[in-house]
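Asks: Chain by chain, the residues run as shown.
Number of protein chains: 2
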Amino acid sequence: MPCSRLLPLLAALSATLLMSAPASAQFQKPEDAIKYRQGAFTVMAAHVGRLGAMAQGKAPFDAKAAAEHADIVQTLSRLPATAFVEGSDKGAPNRAKPEIWKEAPKFKAANDRMVDAVAKLDAAAKTGSLDALKAAMGAVGQSCKACHDDFRAEKYSQ
Amino acid sequence: MPCSRLLPLLAALSATLLMSAPASAQFQKPEDAIKYRQGAFTVMAAHVGRLGAMAQGKAPFDAKAAAEHADIVQTLSRLPATAFVEGSDKGAPNRAKPEIWKEAPKFKAANDRMVDAVAKLDAAAKTGSLDALKAAMGAVGQSCKACHDDFRAEKYSQ
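In the order they appear, the protein sequences are chains A and B. In this text, residue positions in the first sequence follow our numbering: the first is 1307, and each later residue adds one. In this text, residue positions in the second sequence follow our numbering: the first is 1307, and each later residue adds one.
Careful: at least some of the hints might be erroneous.
Given that identical chains are not distinguished, each listed pair holds provided it fits within a single copy or across any two copies.
Straight-line C-alpha distance at most 27 Å; calculated DSS-like pairs for lysine-lysine [claimed, not checked]: (1) K1364 to K1335; (2) K1432 to K1370; (3) K1461 to K1408; (4) K1335 to K1370.
The set of hints was computed from the structure by calculation and includes no laboratory data. Bear in mind the structure is a predicted one, so any value in this text is a computation, not a measurement.
Could you put together the complete structure from these sequences and hints?
Replies: So, in structure tokens, the structure goes:
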């Protein structure tokens, strides 16, 4: 087999190692990974909800608070992906579908879209413009929904 | 009563409103506040644990990773205090002692010590020095333990 044919394999292997090795080393038990990602999502959802209320006119627009919420969401958005480690489909009640691991590249792409949308939300919130916030929230909401539709079960596993 | 005697009362009242009104408005149900603060603590503890492992020589010191962990901890450290709203002692299993509300100023002081210690940890981690990290972690650990000793029950409430 010529080297040129090995390169894509090596690249894929490296990507897998980069994604899984440091992450799995960070959690002693599957339960720890589950609680970590659920915790990150819970806090993130609370702040996305507060931004959503402002974007939808259900709460008064407060540019300073919006920037703070977006900053928190931005920090949290990068965390859950590190905790969908192999074997963490069980260990504590959770709603992770098997597709997360069976269709790992698709899941990674869905996660990346969320992280990207949140980065844009953070930038939009920093402008202090409600219109910019509204526009950015649309993409964030879509990225949440798309991933939930494909990768989150209706009911908890246990 | 002269105005000068009213000022401290007004200041105390304003501080109370600032602390409680926006926070309680941010959670629709006590359960939401409980899950939010538990989520924030779970994620924070995971990253404090990783920094602790480096500080204790149980994991290799990685200055870049340490700075990232400390940054996450710093963001999260400011969140739980917003979620110990009145009435959130019940609503979901939790370990909050009644003293959190009965001795609110003491709880606030304990929380402030944690936030301060974490801010110093963040600054220490940014220096890239393992010795600075070790020194700062000591104070963080003490602030965690002190608050848990006084305000966290051994068992969950439900």
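Asks: Taking the hints in turn, state whether each one holds.
Replies: So, going through the hints one by one against the coordinates:
1. In this assembly of identical chains, the alpha carbons of K1364 and K1335 lie at most 27 Å apart only when taken from different copies (17 Å versus 41 Å within one copy).
2. Proximity of K1432 and K1370 under a CA criterion of 27 Å is satisfied in both settings, with 8 Å inside one chain copy and 26 Å between copies.
3. In this homomeric assembly, K1461 and K1408 come within 27 Å of each other (Cα to Cα) only inside a single copy, at 19 Å, whereas the closest approach across copies is 38 Å.
4. In this homomeric assembly, K1335 and K1370 come within 27 Å of each other (Cα to Cα) only across copies, at 25 Å, whereas the closest approach inside a single copy is 39 Å.
Violated hints for the displayed structure: none, as all numbered hints are satisfied.
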